[in-house]
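Chemist: Now for the letters of each chain:
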Amino acid sequence: MSSLVRRRNIEGLLFITPSMIGLLTFIVGPIIFSLIMSFSDWKFTTGFSGFVGVEHYKNLLFEDEYFWLVLKNTIYYTGVGVPISIAMGLLLAILLNRKIPGETVFRVIYYIPTVTSAVAIGLIWRWLYNPEFGLINSILRMMGIKGPGWLSDLKWAMPSLIIVHIWQAMGYNMIIYLAGLQNISSELYEAAEIDGATKFQLFRYVTFPLLTPTTFFLLVTSIIGSFQVYTLIAVMTGGAPAYRTAVYVYHLWSVAFQQLKMSYASAMAWILFIIIFLLTLLQLKLSSRWVFYGE
Amino acid sequence: MREYLSKLVLLGLVGILMWASFSVTLLAQEVKKITFYYDYGGGIGELEALKRCIALFEEKNPGVKVELILAPAGQAWTKLLTMIASGDPPDATWFDDEPFPRFVSEGLLMDITDRLKKSKVIKTTDYYPTAIKAYTWNGRWYGLPNLGGSVVMFYNKTMFDKAGLKPPQGDKWTMDDFLKAAIKLTKDENGDGIPETYGTGIRTWWPYWQSWIWRNKGSVLSPDRKKCTLDSPEAIEAMELYIGLRTKYKVAPSASVEKEQGSDMLFMSGKLAMWHNGSWALPNYRTIKDFEWDVCLVPRWKTGSIERVSWDGYAIPFNSKNPDLGWKLIEFLGGGEGLKMFVEIGGLPPLKSVAESPVFLDTKGKPPKNIKAFVDALYGGRTRLTELTPKYDEMTTILSQVFDEAFLGTKPVVQACKEAAEKVTKLLAGK
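Protein sequence lines, in the order shown, are assigned to chains E and L. If you read the first sequence in my numbering, its first letter stands for residue 16, the second for the next number, and so on. If you read the second sequence in my numbering, its first letter stands for residue 4, the second for the next number, and so on.
Just so you know, these hints were derived from the structure itself, not from any lab. A couple of the hints might just be wrong.
Claimed, not checked - Partner residues aside, some chain E positions facing chain L, computed with beta carbon under 8 Å:
#, residue
1, Val-20
2, Glu-26
3, Gly-27
4, Leu-28
5, Phe-59
6, Ser-167
7, Ala-207
8, Tyr-258
9, Gln-274
As the list claims (entries may be wrong) - Which chain E residues face chain L? A few, computed with CB under 10 Å, are given here:
#, residue
10, Gly-65
11, Glu-78
12, Leu-84
13, Thr-129
14, Glu-147
15, Gly-159
16, Lys-161
17, Trp-165
18, Leu-169
19, Glu-208
20, Gln-243
21, Ala-255
22, Pro-256
23, Ala-261
24, His-266
25, Lys-276
As the list claims (entries may be wrong) - Taking lysine-lysine and the BS3-like style, the derived pairs with C-alpha atoms no more than 27 Å apart in a straight line are:
#, chain 1, residue 1, chain 2, residue 2
26, E, Lys-161, L, Lys-429
27, L, Lys-68, E, Lys-87
28, L, Lys-343, L, Lys-63
29, L, Lys-251, E, Lys-170
30, L, Lys-414, E, Lys-87
31, L, Lys-230, L, Lys-394
32, L, Lys-165, E, Lys-170
33, E, Lys-161, L, Lys-136
34, L, Lys-324, E, Lys-58
35, E, Lys-87, E, Lys-170
36, E, Lys-170, L, Lys-175
37, L, Lys-426, E, Lys-73
38, E, Lys-161, L, Lys-230
39, E, Lys-87, L, Lys-426
40, E, Lys-58, L, Lys-253
A virtual CB, placed ideally from N, CA and C, is assigned to each residue, including glycine.
Here chain L stands alone, though its shape is the one from the complex (with noise of 0.2 Å):
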């Protein structure tokens, strides 16, 4: 009897306890929560320093935790779709230009822009035009830029070494510097068909060959958005240009030869000398051991050394319920502090502030030499989004089914160029 009333009176204790402590935590402080969805497209890496950043935030902010809810493998967007399709969203997202044109058309997003004006945290003088122009719509803002990449050349350079050729020259190179190297560097030793090096590789999805179109004083849209401008002259011949590396001058590996070995993986094996890529590549380059490489800005055309920048970025979902936190977070993530939690992950900052420092341009020793290649990209690039419209996506599966052929060296590119142009015309004409 006495064992039971002994247990008694100890359950009674505890519980008075659990009440008590439960009791205080909520007179102590109203704990907001909020949410913050992350697709998982940047590694592990990325995700480490996310919640790095999202912990210091919570520090500087007592009485804040943010939950962070983490895409499904595969399904970056889905989700967050289905989440603000269903009333339940987070209250911020991470974002990328992949999912924007059709999230900010169909009004999905918030409009930031008064808050951005009045933010004591983001002045928009500070960052590189493109970054913070990269989330806007009709002159509204829509999200926060937080890492970019800008597209420059990576090249290999005891490739050239070996050849005896002098390397690439950045912006002083022209187009026919570049043909001229790619072609020399281009071997089929065994004489088999398919070479054993290649000068150049090149991309089917067109933000990769927009920028050479660019670069030759064409464009995809016409400035009203209402015309595909795909068979100008200007582009006509950029594209047989960018198409004729791999199908007329053979320099870039053949389609079949792309499809699963890839360029990007020859020319970390060391076996294709100069290759397109952005900044986003630095971590896995730095893995490779077996020659030197360096970076350089892509060769001039007829408007010099346009490339290709693109933005991740931070946004709100339009029916966010703590926009007010969930403005704070992002404005936190993407203001100084935040962003230079990311840069030593190989993200380059849109802050000049930041990007202009030793925090990004000193590499200790890691390559690449010239990294100040990529800012400087920075001042002329364009992000691919430079030509949004409400159909990017509709436009996109046009471009990739019409040019695939002459991709595959089945259709002249001259007709692929009038035939997406005409596809297109009708799209943007259509409702």
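In isolation and in its complexed conformation, chain E is listed as follows (with noise of 0.2 Å):
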């Protein structure tokens, strides 16, 4: 190595040494540091007190029903909402995606709910779904409908929780799918329609396919963002009603700093990471059946 390029190197790491240090001392430094709470008993007088092994891990799994619950609830939360946020995305761009006027002022008005801090999410529609003032309720009672109580029903809450999700992530499933679609060759379409395609057989055989590399990236993204929602469960609902709505990360931070079991909240973070690790794992195993790349 010449004494230029290594004196180059050197400038380089100097550059990025503040991203760096600022990347391990607040990301990688809590990491290892979570993992080793989670194996000891941490308090927040003594600090670590020696180290208890796989019990946290064996308790959540074996002993806490709570466990169980937040995470059937996340389950519920993720199963309904990602596929509906995603179909509602591809609905979107396809809509938006030809010469219509005013389409870029569409495109805003859906996409502005992703840029939307979450807490004002939360406020807002729970307003929307106030049983007697709010907008929705007043709608349906117009049409002869008596609505729920939403936020406080039992069968109600989580879907709710769900449609307020479902509403905020599809904005940004539309803008990716718009990339999607503007990197489809119009080729294609002509070729398909000369053989004389039907406007479903564009979108079946033309569209969706190529489409699949888009799709793959947006359920791997949203699975991974849809366990790990808090902030509109803190906001909106709390766990209520009956614990029905509280989801993984917000039980986990209830744990953490309502209950100060921070090595027990530490195991609980663990095991969401090899969850969340595992289903990547799996749809990048099942990809290669349904994801076409082209040619």
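If you follow the hints, you should be able to join the two separate chains into one complex; please do so.
Modeler: Put into structure tokens, the structure is as follows:
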């Protein structure tokens, strides 16, 4: 290596040092710390007081009914919310991919929820869901339907949250799909049309296969994001009613900061990591069956 | 050249002056800085009163400067927790009974028993027993009370007058009297199934119904804190009445009305007749213009008119770097002089001499007329931490999970009581 190259390398390293230090202190450090914590008893007063092995993990998986309850809630939230929000994103993208008057305005309108703070969204939707004065039930009443209590109803609380999630996520999905759509060469459509393909066939055999990489990307990132939802739940329901809307990370926060069981909460965090990791791995494995990268 | 020279001289002079003044301050007094954490729980009025209080403290203790650390909105105790965990705690802090169980059982608060016993400012016998014991754990002190609240019955006198009913008679009333009045005052005039006016309201957070169980001679936990006694006949009877106010007698707003509108709002807008609430609601209710209201003790049951009392307080983190000055500050704030400054914002002082003096009792024409009820309620009252265990917060999660369905009317109250007793007892038995 010439001295010039070496100097350049050193300069380069120096340039990234500030962000490396930040990364190590605020991200990598805490991750390692929480891993160690999850195998030990850590207290606010005394710090570490000996390792307990896998006890926290064992308790979580075999003793703690709340662990399974919140996991079930999270799977419900993700399982319903993610597919619908992706489908809605695709629908919006197809509708707005044409030259229609004011398409930019529409795109902005659908994208705004994505960049709005979750706290504001939660508060506004709580108003909309107000059983007596809220917009939703007022409209339903005009149509002669008696709306449910939404957030306070055992059956409706989780669907209500999922609706907000879909509304919030579909704008982002739309933007990604729009980019995907614009990547599809128009020659393909022309060729198919000459062969006499109908609109539906165009979608089924041209658009959809060529969008599978986009769909795959959205599926992976949405599931990860959805497993980690916290703010919306904290603002809108706080787990009520009857802990039916308590999702994994909400419960984790409650264990860590209300029950002060930091070690236990760290173990919960690592189990969540493993779950997400395995899910993503599974998706990668399965992707070869349905994702089409061209040629 | 001359210009440069004069500038240089000037600069030098300024430098000397700064150095001189700096060293003079250093010589004159060693300024001690201490920090005080405030959770922003009581709104702007409370903060202003606290600032005035601290200014007075600084005046009386030259050389001590108090720096206020304000909690970020919505995270009252998380920041304090993080500060303590990172070894950089405030020297003293505002506190309340919500985080107390977890903080004290984790050992995050300093034992102040010995300091309190030696104190010349604070004499424990001058305080109401519930107040001075509000922050005790296994017989040791971990905090001092400041502002209190006792739960009484607020009632809309205009509604009673219009209905031709005699207003509530405090502890001369029985539960039957209360229920009868509530039924008469609940009216659904347009017949849509949603009443326009309600007799009363209920709340799901367990400290609000805990006192109903106490009043019926029951308890949530056994005296040794090893068993949950929610399945006792007394507790079941109390819960059936309390939840029944909504599900059986329908004199309290339904769950969905409660969720977004809330009995508190309904009371303030003149649509709810009797509302069990604490003195902390006073500043808000004093803005009511459309009707006349007053307060009285809650109706008596088997054990009389027991209600919940709650106290905010002051504490010192266990790893405070300046415990002596921290103590001096909370001793001042929790003593008579400091407490007087909080009375005007509606707080109920824990000191008998202040609470039972015109400082608190003379409302200068503002409602409620029967303000003495708050003080009377202190004598029979208990704090919710009367039934305190190290697993308090986990217990709270279980109780709200189990009882939410009973409050929604989808699970029989008896079943909820039995389920809760079983789950909480199991929790208490675990290590």
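Chemist: For every hint, state whether the structure bears it out.
Modeler: Going through the hints against the structure:
no.	hint	in the structure
1	Val-20	violated (42 Å)
2	Glu-26	violated (35 Å)
3	Gly-27	violated (33 Å)
4	Leu-28	violated (30 Å)
5	Phe-59	holds (5 Å)
6	Ser-167	holds (4 Å)
7	Ala-207	violated (52 Å)
8	Tyr-258	holds (4 Å)
9	Gln-274	holds (5 Å)
10	Gly-65	violated (15 Å)
11	Glu-78	holds (8 Å)
12	Leu-84	holds (8 Å)
13	Thr-129	violated (23 Å)
14	Glu-147	holds (6 Å)
15	Gly-159	violated (13 Å)
16	Lys-161	holds (9 Å)
17	Trp-165	holds (7 Å)
18	Leu-169	holds (6 Å)
19	Glu-208	violated (53 Å)
20	Gln-243	violated (18 Å)
21	Ala-255	holds (6 Å)
22	Pro-256	holds (4 Å)
23	Ala-261	holds (8 Å)
24	His-266	holds (9 Å)
25	Lys-276	holds (9 Å)
26	E:Lys-161 with L:Lys-429	violated (41 Å)
27	L:Lys-68 with E:Lys-87	violated (52 Å)
28	L:Lys-343 with L:Lys-63	holds (16 Å)
29	L:Lys-251 with E:Lys-170	holds (22 Å)
30	L:Lys-414 with E:Lys-87	holds (21 Å)
31	L:Lys-230 with L:Lys-394	holds (12 Å)
32	L:Lys-165 with E:Lys-170	violated (40 Å)
33	E:Lys-161 with L:Lys-136	violated (50 Å)
34	L:Lys-324 with E:Lys-58	holds (19 Å)
35	E:Lys-87 with E:Lys-170	holds (14 Å)
36	E:Lys-170 with L:Lys-175	violated (43 Å)
37	L:Lys-426 with E:Lys-73	holds (20 Å)
38	E:Lys-161 with L:Lys-230	violated (43 Å)
39	E:Lys-87 with L:Lys-426	holds (20 Å)
40	E:Lys-58 with L:Lys-253	violated (47 Å)
Violated hints for the displayed structure, listed by number in ascending order: 1, 2, 3, 4, 7, 10, 13, 15, 19, 20, 26, 27, 32, 33, 36, 38 and 40.
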